[in-house]
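Letter by letter, the chains look like this.
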Amino acid sequence: MIYTYLRKLAKTTEMLNLFIAAKEMACFSLFENKKDLSSSQNYFLSHLYFYHSLNNDISAKRVSEKVLTDEIYENAYAHYRNNEKEEKDNGKSNQKRTIQGVFSKDNKISFPTEENKNA
Amino acid sequence: MEQLKKEKIHDDEVKKILDTMSEEYQIDKVSELIKDNKIEFEFEEKQYRVRLLNAKEKDELDMIRRRRFGQLLKDKDILLESDLIVAYQEKGINISEIDEQIKKINAELAAQNYKLGEALVKTPGDTILKSYKLEILKLTYQLNELIIQRSHLLEYSLENYLQIFVAQAISYLCLDVKIEDKWVRAFGTLDEFLTQEDKLINLVAVYSSYLYR
Numbered sequence: 001m002i003y004t005y006l007r008k009l010a011k012t013t014e015m016l017n018l019f020i021a022a023k024e025m026a027c028f029s030l031f032e033n034k035k036d037l038s039s040s041q042n043y044f045l046s047h048l049y050f051y052h053s054l055n056n057d058i059s060a061k062r063v064s065e066k067v068l069t070d071e072i073y074e075n076a077y078a079h080y081r082n083n084e085k086e087e088k089d090n091g092k093s094n095q096k097r098t099i100q101g102v103f104s105k106d107n108k109i110s111f112p113t114e115e116n117k118n119a
Numbered sequence: 001m002e003q004l005k006k007e008k009i010h011d012d013e014v015k016k017i018l019d020t021m022s023e024e025y026q027i028d029k030v031s032e033l034i035k036d037n038k039i040e041f042e043f044e045e046k047q048y049r050v051r052l053l054n055a056k057e058k059d060e061l062d063m064i065r066r067r068r069f070g071q072l073l074k075d076k077d078i079l080l081e082s083d084l085i086v087a088y089q090e091k092g093i094n095i096s097e098i099d100e101q102i103k104k105i106n107a108e109l110a111a112q113n114y115k116l117g118e119a120l121v122k123t124p125g126d127t128i129l130k131s132y133k134l135e136i137l138k139l140t141y142q143l144n145e146l147i148i149q150r151s152h153l154l155e156y157s158l159e160n161y162l163q164i165f166v167a168q169a170i171s172y173l174c175l176d177v178k179i180e181d182k183w184v185r186a187f188g189t190l191d192e193f194l195t196q197e198d199k200l201i202n203l204v205a206v207y208s209s210y211l212y213r
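Top to bottom, those sequences are chains A and B. Heads up: the first sequence begins at 1 in my numbering, then just goes up one per residue. Heads up: the second sequence begins at 1 in my numbering, then just goes up one per residue.
Hints listed in this document are in silico derivations from the structure and should not be mistaken for laboratory results. Every residue gets a Cβ at the ideal spot worked out from N, C-alpha and C, and that includes glycine. Each hint can be trusted.
One-sided excerpt, in silico: chain A residues whose CB lies under 7 Å from chain B:
#  : residue
1  : 5
2  : 6
3  : 8
4  : 32
5  : 39
6  : 41
7  : 64
8  : 72
9  : 73
10 : 76
11 : 79
12 : 80
13 : 83
Here chain A stands alone, though its shape is the one from the complex (with noise of 0.2 Å):
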């Protein structure tokens, strides 16, 4: 039940503003604790991650507002967006990439390290 809430504070305007904030500026952090998250935090994070990379794409006009009234919808468009990526990566090199802010097949974020995001 927990992550239903967790999902649906990660939605909120607040929320996606204070992470852009935390991105942006070192005096703005979600978190008391700078490592070691907990499993409640990780999930947040992920899908903090996820509709800020969804709200982009609909503001790109590459998907339209209606993905956001069923969490069924964004997660199917998550899995292509994910799979789209992959394909168009794939072809440019042999090496595999992840996408920020996008589920990965198991339904994952797979965040930006250094090593993909030289890829």
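Let chain A serve as the given structure and place chain B on it in line with the hints.
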């Protein structure tokens, strides 16, 4: 009759408001939890708190987990998951067949999710979106049934016993009680914790699962 109707409408409205309030309240609580990984609650007039384990407590957990694993391994009545799977096979129950079905449904789910995602990008009508959604719901239901069936069959495996024990040990280690404005470990030993009321044990189990899943 009219009065009854009015009361019914009133009850429904109250329920609606309560539901909304409850969601807002829950989101608020969740927002507090993720800030510092601490959940405070009251039980029988005592103030408790569930929190993340520190390095020393993690070592303690590791030690009691290893000790319990050794005990379970010596128990001839408890089978390892792999041995239990073989025992089931001899009785005509094939777990690998369930695994294969799970794999198939997962692949089908991925395909349906891709189709729905693609449909959302290409913005076709609601009917097609709803039909993909229904298919996904149906497959998810089938998948959950199989996962439940599998976990019921392996309920008595050593691995499952150990997992339950570890969850209890985490609950015991991460529970503090407030005494004279100071937080101290709530119970001296795991056994002492496990003899408390089920309601308290279950509550702590739920809260600690929010931190360790």
